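Please arrange chains B and C on chain A, whose structure you already have, making use of the hints.
One letter stands for each residue in the lines below.
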Amino acid sequence: MTAVTLTTDLPPLAARPWWRQWGALRHVARLRAAAMFAYRNTMLLFLGVSIVQIFMLKKVWGALYAARPGVLAIPLADLIVYLTIANLIVWSFPTQIVSRYLRERIREGSVVFDLVRPVGFVPQLVAQLVGTLGGALLIIVIALPVVALAGSLSLPVGAQAAGMFAVSLLCAYGIAGLLSMMLSMVAFWTLEIDGLTMLYVLVASFLSGALVPVAVFPGALRTVVEWLPFQATTYVPASIYVGSLAGPEAWRAIGLQLAWVVILGLAAALMWRRAMRRVVVQGG
Amino acid sequence: MIRVEGLTKEFTRPKRQTGHFAGLRTMVTREVERTTAVDDVSFDVQSGEMVGYIGPNGAGKSTTIKIMTGILVPTSGTVEVGGVVPWKDRQRNALQIGVVFGQRTQLWWDLPLKDSLDLIATLYRMPPELYRKQFDRFVDMLDMAEFLDRPVRQLSLGQRMRGDLAAAMLYQPRILYLDEPTIGLDVVAKATMRDFIEEVNREHGTTVVLTTHDIADVERLCSRVILIDHGRVLYDGTPAELKLRYAPHRTLIVRVAGDGEQTDPMTDADVAAFGAEIVPDDGADPDLVRLRFEGGRTAASDLIAALAARYSIADVSIVEPDLEGVVRQIYLRQGLPE
Amino acid sequence: MSVSDAVTTTPALAEAAPLRPTFAENVSVTRALIKAALRGAAQYRLNFILAALMGIAYQGSGFAFIAVVLSRFPSIGGWTFPEIAVLYALRVLAHATYLVPLYMLNELDDLVRNGTFDRFLVRPLNPLIQVLTRRFSVNTLGDVLTAIGILTFASSIAHLSWTPAHILFAAAAVLGGALIEGALALGISSLSFRFVEVWPARYLVDNVLLNFGSYPLSVFGFVAQWALTWILPVAFIAWVPAAVILNHTGGLGVSGAIAWLAPVVGAVWFALSYQFWRHELKNYTSTGN
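Protein chains in written order, with this note's numbering: chain A, 1 to 284; chain B, 1 to 338; chain C, 1 to 289.
There may be inaccurate statements among the hints.
Stated by the list, open to error - Calculated lysine-lysine pairs in the DSSO-like style (CA-CA distance at most 30 Å, straight line):
(1) B:Lys133 to B:Lys114
(2) B:Lys114 to C:Lys282
(3) C:Lys282 to B:Lys133
(4) C:Lys282 to B:Lys88
(5) B:Lys133 to B:Lys190
(6) B:Lys190 to B:Lys114
(7) C:Lys282 to B:Lys15
For the record, the hints were derived by calculation from the structure and aren't laboratory data.
No experiment lies behind these values; they were computed from the predicted model shown.
Here chain A stands alone, though its shape is the one from the complex (with noise of 0.2 Å):
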């Protein structure tokens, strides 16, 4: 894999709290937006290893339906609709390049700033992902109809359920924010991080539900799935959008999401601080 540096050209913010740091945080957005162009390439990539793997999903579960219907409530069409809009979002997660940012400020030694401001680094996570994201929602747009071709799209259900879908979306990317940045920290404890990552990516996107929604899980590995963090992270927000979660019950699974992004952020925060004090220990 090409190596495509990562340069932050604004220096580190200053420690001043993120409610002021607009104007700059708006920046970064930007040059992180940027630096998606960049990576372009290997966001097509990934993009045409998904459509492949929405049309293997539509033709499968297509033969699986032949074969006995009705195991699930949810008709066909839909189901592509989920497994598409569910792939989607999984592609869209920047969890390679969040990696790669911590890795290049550890390697840097500019992480050693952000022990001394952790506030600060946190909105430039966020600000970074902001703009991440913005760089692959153009790419959906202009790679929209082959994706429709491969899977199937329609409109979300009705405008509660587009509504209820950009709140659990962006549930679901603070899920998947937090998830990396744990991911990544792990860097401070070993060098093995690009396989660790594959490997993660892989067991992450199977658990979330993107290729078998959570219902299908038998007996025991269902309870274990509805409890892991990941089915909040594309299951959630998928279902709301093609309705299997309504009322109540969506609004439920959203308020599970917003206990997931604080559970996780909690840990987050208590990762960072060991890994800061291992620096410090080890004098990096």
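Chains B and C in isolation, oriented as in the chain A frame:
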């Protein structure tokens, strides 16, 4: 041994497009940019010669070496190495050459040095007794005994280069190509390498083609220098001839005995009579005079005698033209002086 | 060029240029290089666990999906879980068989980019063999483990009887599949001599094989099935041989007997790929100054 005739190598690259969809258009465009790296180069190298192949960065040295070793295929021209056309018969050519690339090792990174040499011996089909003999000899000559068992990735640059040199000459190839072999080495390591190269040339009559930026290497080892720039041969001959032709001047530094009084200062007119001219300097030391004279026409001893007769000389020293200075001038001027 | 020619064209030579290496010599040299690669890899034992996990995850992820959906649905395209397990096992086995010897093809673009490939052209051995024996990657063992695991599992739940005929047929099928995948990998890697960014193409092809190669191709519709049989011979990697083993040849679109041709198809493709490699090698321009 080596015959190069009318060698030309052009690289064509798709012309980089600008503007919208630049990346895509560059991929499908038919416009090309042509760079001529080697332009109608011809020379012959006799068996047992040691040739220095020098030139500024980007002159086409490495490209020529790559063609001669069979790595690249030329655009036009012929090359024959030991009767073999290198790029047409790569494996056959490989058996008769040894190559050392200064910046890239040919040794196996994770294995001990000894294992690499064993593998080379197998690769080049060496009879076991010959390998044993060469192995012992080279370990001694290059002083490698202490790190033979260490993995190559743990060796210092100097140790690795010695290993590479041993590996290149292990199977007694008729021709040895060296591409920047002394780059990054300390003085002692450089001397060891030069001694080794000289020794194998003397003992086996190995033809040596050396490209380097260290002119001292050339001065020390090579009986012949080929200077190339912008893909063309600018000079082909002995180092001495090169100096004589393009830097015929020697410099005599004279310290005039000053006794505090303003004695008769030297003037251009005075020294011209003796076949020399004064080199203007910053005048920092008024007792020091630099005189330039042509070594071919004026003997140093005559000049000193003449000066001593006229002036009170405290000390003299002679500075010879150095090959490096000559070469530097040629690089700077990007061509030979008129 | 014979020895006598060399003597007459360059009379200054005391002895003629060496003769080209013989096949037997090449074989013994290759063997020595393989041993060296294994020795070098033995030092990196610690990476093995992670590498094995990764291989298992990547190749096995498709199997997890199949296992989960077929716990709730009876079949895919008329193939039940034991049957698909056999299909999947054959594919993974073919993949592992290709990967272990040919893994280094994935690193060819690196070798070209940092100029290491130059060295292979000045050594008296086929450069392709030098690339393949440059080092051994423990990552590949993960794929081997996965393959063996899934094959054992599939064999037991499908109640396969391993008669000598079956074993021979399976071996032929696996070999054919490995040759086909190898041919694709070799062809794509050959592009490294001309293009800098080759890994995207490789990754895409790997993914197509992973996504489509593990299912009965009839599921994907007539066009895809035809394309993946005659244009990109994915069908021959696992689907056709599995159909013959399981006696499930309905819907193949080709006669079952054609499955015996898998190794032949593989060999032909591989030979073509090798020709392509040699052709692309002529375009090698080398990097650096």
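- prompt: When the hints from earlier in the document are held up against this structure, which numbers fail?
  reply: 2 and 3
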